[in-house]
Amino acid sequence: MTYKSALKILLVAAATLGWLTGLARADTIEDIKKKGTLVVGVKADYPPYGMRDPSGEIVGMEVDMAKDVAQRLGVKLQLEPVVASNRMQFLQQGKTDLMIATMSVNDERKKAVGIVEPYYYAGGVALLAAKSAKIKTGADLKGKPVCAIQGAFYNNEISSKMTGQDLIAFKGVPENEQALQNGQCVGFAYDDVLLIYTKKANADKWKDFEVVQLDIAPLPWGIAVKSEDKDTPWGKFMSDIVTDWHKKGTLVALEKKWLGENTQWLIDANAKAK
Amino acid sequence: MESLAEWLRSLYTDYGINLVQFYDEFERARLLRGMWITIKLSVVSIAASIVIGIIGAWLQTSNYRVLRSVTQGYIQFFRNTPPLVQMYFFYFALSPLLPRVATDYGTQQPLLSSFAWAAISLSFFAGAFNVEIFRSGIEAVPRTMTEAASALGYTQMQVYRYVVFPLALRIVIPALTNNVVNLLKTTTLAYAIAVPETLFMASQIWSDRVNVLEMMITLFVFYIGLVGLLVWAMDRWEKSLRIPGYGQ
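Just so you know, the sequences run in chain order A and B.
Heads up: the first sequence begins at 1 in my numbering, then just goes up one per residue.
Heads up: the second sequence begins at 1001 in my numbering, then just goes up one per residue.
Honestly, the hints are just simulated from the structure, not real lab data.
Nothing false has been slipped in among the hints.
Pairs of lysine-lysine, BS3-like flavour, derived with a Cα cap of 27 angstroms: (1) B:K1040 - A:K171; (2) B:K1040 - A:K142; (3) A:K136 - A:K205; (4) A:K142 - A:K199; (5) A:K136 - A:K207; (6) A:K230 - A:K35; (7) A:K34 - A:K95; (8) A:K230 - A:K274; (9) A:K171 - B:K1185.
Covered stretches of chain A, as calculated for chain B (at least 3 residues, CB under 8 angstroms): (10) 131-139; (11) 153-164; (12) 176-190.
This one's a predicted model, so the numbers in the text were calculated from it and none came from an experiment.
C-beta atoms are modelled at their ideal positions from N, C-alpha and C, and glycine is treated no differently.
Turn these sequences into a full structure, and let the hints steer you where they fit.
So this is what it looks like as structure tokens:
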């Protein structure tokens, strides 16, 4: 358990440092305008949210969101590729002004950075299922073998509430795809968007399979600012933008553009905002 | 029972020691299921590997060259490839080539389950070693013994069954114990092809409950206990087979 306390100390240290620098520059939004550039931490390896196009440029749904923020501020946009293990540190150290990096929200993260509400997106869980098995909902999975990734947060729910038996869990995506192709399971449970994307990218390979949404509470994703910025004009500015995106259907349109279809959570959020 | 659960729960709230796998019914049930699969897998592959060892060693003494080279080929193939690679190969590469059977929910399933492939692969892997172990025992039986048996009118089969094998078995038990202990520990590799054995279940529990350290210790204790039991049984067997004045 020592690594946890070490992490805690690090986070506290990072937060303190962030707080000190925050005191020095009380108004981030003015600083960004003065600087003339907005630095946004985005993913570069997570299609279709942030990925590199053939020319090496970072593109994607979250990149388009970052562009919109920069435009509203009237400043230039600078993208900083981040990964899960450094995205919060970059933000707290001031390397980035804003983070839009497929980050799902949990309590520990809420303590570490300032997560902007409302949440802009949510990752649901779906099943890439053999069409012949005629699976419509999770209830149809009773007693059937289902493939999954070892350690995914939804495994427990699928096995205890849907299949009623142990899952066939492999370490990586390729093993799961192979096992599914071999007929060792009726479906592969995974992040819905990535399954939709997989099926699109290899339409021929997956022509006998369909993506079925599973009824598991999606984990919301949040945009983040520095933790001390959450209640400053900068945090409020971002919060208003996300509300506006939901209201105007910007996110729905962007998802349609990048993914080709819309996920249920976003449609619902859009309807609620209107 | 209830007070034990209460005490374990207090360990978590007071000291942060999370032994949820012993008091939460769901977690306990799946851990026990995993242990049962480990035991089943071990028993099946130990038994099969010993049978393979005996048959293989006998085939090696055969007068037919073809039989001898087939046995030799088998040993080279299974002894010289890693068991994890064998399992992946069987499960992902070989399994799709076999005929599929229709399930009652409309899909086509492979003939053999991951458990079956793990058992096959482990049996053949350990069996290859067992052939060599039994051969060493057979070769250690003095030639004069077989000659004496032949002189008494025993056929080749009878010499093997009544003279060579009983003596060889007593010689090889220590080496055999080593190999079956190894085999029992190797069953954890079945995790890779999603056989829901102990390690598989433990990893499911620790990813849901984030009690990695506690689960690691549980695993450790379980395997020490199980291997201890196996070694104890093999020792008992060795002692019960002892012929006064022979060997030691």
